[in-house]
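Starting from the known structure of chain A, fit chain B onto it as the hints suggest.
Letter by letter, the chains look like this.
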Amino acid sequence: MSHQHLPQAAPGRAGAPDASVPPPGGPPALSVRGLVRVFGRPGTPEAKVAVDRVDLDVPRGSFFGLVGRNGAGKTTMLSMATGLLRPTAGTARVAGVDVWAEPRRAKQLMGVLPDGLHLFDRLTGRQLVTYSGLLRSMDRAVVAERTEDLLRVMDLLPDAGTQVQDYSAGMTKKIALAGALIHAPSLLVLDEPFESVDPVSAANIREILHGFVAAGGTVVVSSHVMDLVQRMCDHVAVMDRGQVLAAGTVDDVRAGATLEDRFVELVGGRRETGEGLSWLRPE
Amino acid sequence: MAAPGVSRDLAPAPEGLAPARTGTAVLAGRLVGLKARILVNTLTRSTWVLVGTVLGAAYFLFLLGMAVVALFLLGRQDLSLVRTVLVLAGTAATLAWWLLPVVAARADATLDPARLALFPLSVGQIQWGQALGALVGVPGALSTVALLAAVGSWRSSAAALLAALLCVPPALALLVAGSRCVTALAVGLGRRRRLTELVSLAALVLLVLLGPILTGLLSGLERLWDRLPQYAGVLAWTPVGAVWAVPADVAAGRWGAAAARLAVTVLTVVVLVLVWRVAQERALTTTAGGRTAAPREGAAGAGLFDRVPPRPWAAVAARCLVYWVRDPRYAAGLLVIPALAVLIWFSRDPGGGSLFLYALGPMIAALLAYQISGDASYDNTALHLHVLSGVRGVHDRAGRVLALLVIAVPLTALGLLLPFAVEGRWQLLPGIAGTALLALLGGAGLSSVMSARYTYPVAPPGASPLKTPQGFTVLNVLVQFVALGLVVVLVLPAAVLLLVQLVTGDPVWGWTALAVGAVLGPLLCWGGIVLGGRWYDRRAPELLQEVAQFR
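For the protein sequence lines, the chains are A and B, in the order given. Okay, so the first sequence: first residue is 2 according to our numbering, each after it adds one. Okay, so the second sequence: first residue is 355 according to our numbering, each after it adds one.
Looking at chain A on its own, in the form it has when it is part of the complex (with noise of 0.2 Å):
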C-alpha cells in the first residue's frame, strides 16, 4: 500500500502498520494514480467531477472491497480502471500493465463484470460463456470444458439452453459472472455482483471467490452493503463524492468499530430519523 498518494488519509488508519499487508512480489494486482473523470465539458458550468483524483493500490491476492453509497463514483472509477470509460486523467495499472497504453495485454489478466449494462441476450447461456471464450481467442476445447464447469458451479446447466434475456436478475448476474471468469483471469473486478443474486447462489459465488483468492487470485468488489463487505472482505476503500476517504485492510478502516458505522462516521449526512415523518405510524 502506497499510502501517501492517498487525497484525505482517514485518521483512524494513518498509523496502521504496513507489516498487516502480505508482502507482495512485484506491482500490485490494480494501481491507480490521480485518476479524473469529468463528465460534460470541462470547465462549464455543466461539467460534473464523478471520479476526483483518485489514488488506489489493490493488493495483490487481496479481497477487496469498494464501498460508497449511490453516486459516489464507484461505477465510473471501475469503468477507467477496467478500460471501459476513458479517464479524463490519471492511470490505472494491472499488475504493472498500464490498462490504456497496453489495453489487451492488461485485459488479458482481467475478469470484468460490469453492472447495469446489457449483455447478447440473444444467445443461450451456454452460447454467451463460450462467446466471451472464444472472443479471447481461447482454444475450443478448453473453453468448451470450462464452460461446463460454469455452468455447473453458478448452478445453471438447466437453464443454459434457455436465452439469456429469459433469465431473471440473478441468473443474468451469475451468467455474466460465468463470462468474466472463463479465460481465468489474474485480478476480477466486479461491480455489485451480489445485486439481486438469491442467498444459495450468493453464498457459492462468495465460495468461489475465495477460492480464487486462496489461489492467488485478487478480487475487486463494488458494494453498498457494508455488512457483506466487512465479512467477506481483507481490504477496503470508502468512496465518497469521487474521492477516496479511506483505504486499507477492513480492520485498520473500521478501527474497532463495525464498518457501517464508520462508513457513516466518514461519509457524513446521516440525520437524525424518528423526527422526520412524525406521521409515519399505522393508523
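FYI, nobody ran anything at the bench for these hints, they're computed from the structure. For glycine and all other residues, C-beta sits at the position ideal for the given N, C-alpha and C. Please note: incorrect hints may appear among the correct ones.
[As the list claims (entries may be wrong)] Going by beta-carbon spacing under 10 Å, a handful of chain B positions derived as facing chain A: (1) S434; (2) G655; (3) G657; (4) R673; (5) L737; (6) H738; (7) L739; (8) E777; (9) R779; (10) P811; (11) P815; (12) F835; (13) V836; (14) A837; (15) L898; (16) E900.
Just chain B, lined up with the frame of chain A:
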C-alpha cells in the same frame, strides 16, 4: 445529447391519484389532466421535438382541412352518395382507431393500467379516465372535428342532420371503446414476448406492403367504383359500419332499420367495454411477474459457436448470425426484402421493357449492407463485452461483415437472377451483377467504417423494431443521408458502365462493369474493415459511451 428518460416523464403524478374515496368523475378528470400534462411535457421536452410536432401538426391540420372541405362539398350531393361515402370512410376510421394502437406497438401507454395498478383506483374509474384521455390528444381532437364535419354532410335533410348529431356520442364511444379494448388485449398478449415480436413484425410487413396493395387496388378502381354502394350496404350492417348509416335511414323514414343499426352499435360498444373491463382487471392483477416459461433449445452444445473456427472474428460472425435470425430488429431488415420485391413487381411496366425490375439485386445488396451500419447501435451496451475482451477492431468488423455476407449473398443472387428469369435480356446480367457486387461489398465496407465512428439511434435491445428510438440529433440524420449518398457514389463506377452498355448495346461494357465490381468491391470492403477496425481500436470506449445513450 441523451434524452431524458421517458419513464421519468411518464410517471403518474401521484398526489392527484392518492385519495381513495373520490368520485369517478373527479378521478377520470384527473387522469385526463395527467394525460394532457404528459402530452405537453413530451412536446416541450426539447426544441427539436417541438419543431417536429409543429410540422406534424401543420401536416395533420392540412389533412383535416382537406377532409372538412371534402365533407362540406359532399353535403351538396345526393343522400345515397353521402351514405356510401360516409359508411366507407367511417368504417375505415373505426378500423384505424381500433388497430393502429397495436400496429404502433402500444404507442399510447401513458394511462397503461400497469402503471396505475398501485393506486387505489377501481377498474371503472380507470376506464373512464382512459376513455376520456383517448380523446385528449392529436387523434382524438382530429377525429372529433372530422366527425362534426361529417354531421354537416347530411344538411340536405333536416331529419338526417339531427340523427347524425345524435349519433356522434355513440360513434365516439365506438371508436374509443374499440381502441382501448384492443389495446388492453394487446397488453395481455404483450406479456408473451415472442408473440409480440411476431405481431409487430407482421405489422411492419403490412405497412411496407400498404403501398403495393393500394396501387393494386387503384388499378382496379374502375370496376371497384360501381360496386362501392354494394360494399357500403354490407358494411352498414357490421358493428364497425352500422352507426354511420343511421342518418340515411332516418332521412328515408326507415325507422326500423335505423333502430336496428343503432342497436348493433350500442351492443358492440357494450361488448367492447365488457371485454375491455375483463382484460383490464387481468392486467391490473397480473402486473408483476408476468414471465413465462421460455422454450429450451439444444440441451447440450453451443449451436453455431461449436461449428465456427475458434477465432474472435468467427465468434463475432456466429453471434451476428444468431442475431440476424433471433432479433426482430434484424429480422425486420430481412423482411423488407420480400416487401421490396413485391413493391418493384407492382411498379414495373407490365408491357416489359422497363429496367426497374433489374434494380432488385443491387437494391437488396445495398439495403442489407446498410443494415450493419447500425451494428454497434444495435448492440447497445452489450458491446462492452467486445471492449473488455480486447477484441481487435479488424476482427470485430470482419465478423460482422462475414455474417452479413452469409445472409446477403444468397438473397442478392436471388434478387439478381429473378428478373432475368421473368423478363430475359440475359446480356445485362454481367453489368448488373457488377453493380450488385459493388453495392454489397462497397456498402459493407462503408457500414464497417460508419458503425465504428458515426452511430445513430436505433430501437434498443428487446424493444419492438417499430419503436422510435430516442435522442436523434441533426448530426445523426445528416450522417444517414451522407451514407446513403455515398452508397450511390460507390455503385456509380459499375452503374455508369452498365449505362454505356445500354446506350451502345455493346456487351463488353457490361463485362467491364462486372470486372470493376469484382475488383473494386473486395478492395472497398477490405479497406472499410481495416479503416473501421482502426477507428474502433482507437475509440472503442467512446463508441460504447455513445451507443449507451440510445434508449
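Hints, one by one, checked against the model:
no.: 1; hint: S434; result: violated (57 Å)
no.: 2; hint: G655; result: holds (7 Å)
no.: 3; hint: G657; result: holds (6 Å)
no.: 4; hint: R673; result: holds (6 Å)
no.: 5; hint: L737; result: holds (8 Å)
no.: 6; hint: H738; result: holds (5 Å)
no.: 7; hint: L739; result: holds (6 Å)
no.: 8; hint: E777; result: violated (40 Å)
no.: 9; hint: R779; result: violated (43 Å)
no.: 10; hint: P811; result: violated (15 Å)
no.: 11; hint: P815; result: holds (5 Å)
no.: 12; hint: F835; result: violated (27 Å)
no.: 13; hint: V836; result: violated (26 Å)
no.: 14; hint: A837; result: violated (25 Å)
no.: 15; hint: L898; result: holds (6 Å)
no.: 16; hint: E900; result: violated (12 Å)
Figure legend: structure checked against the earlier numbered hints; hints not met, in rising order: 1, 8, 9, 10, 12, 13, 14, 16.
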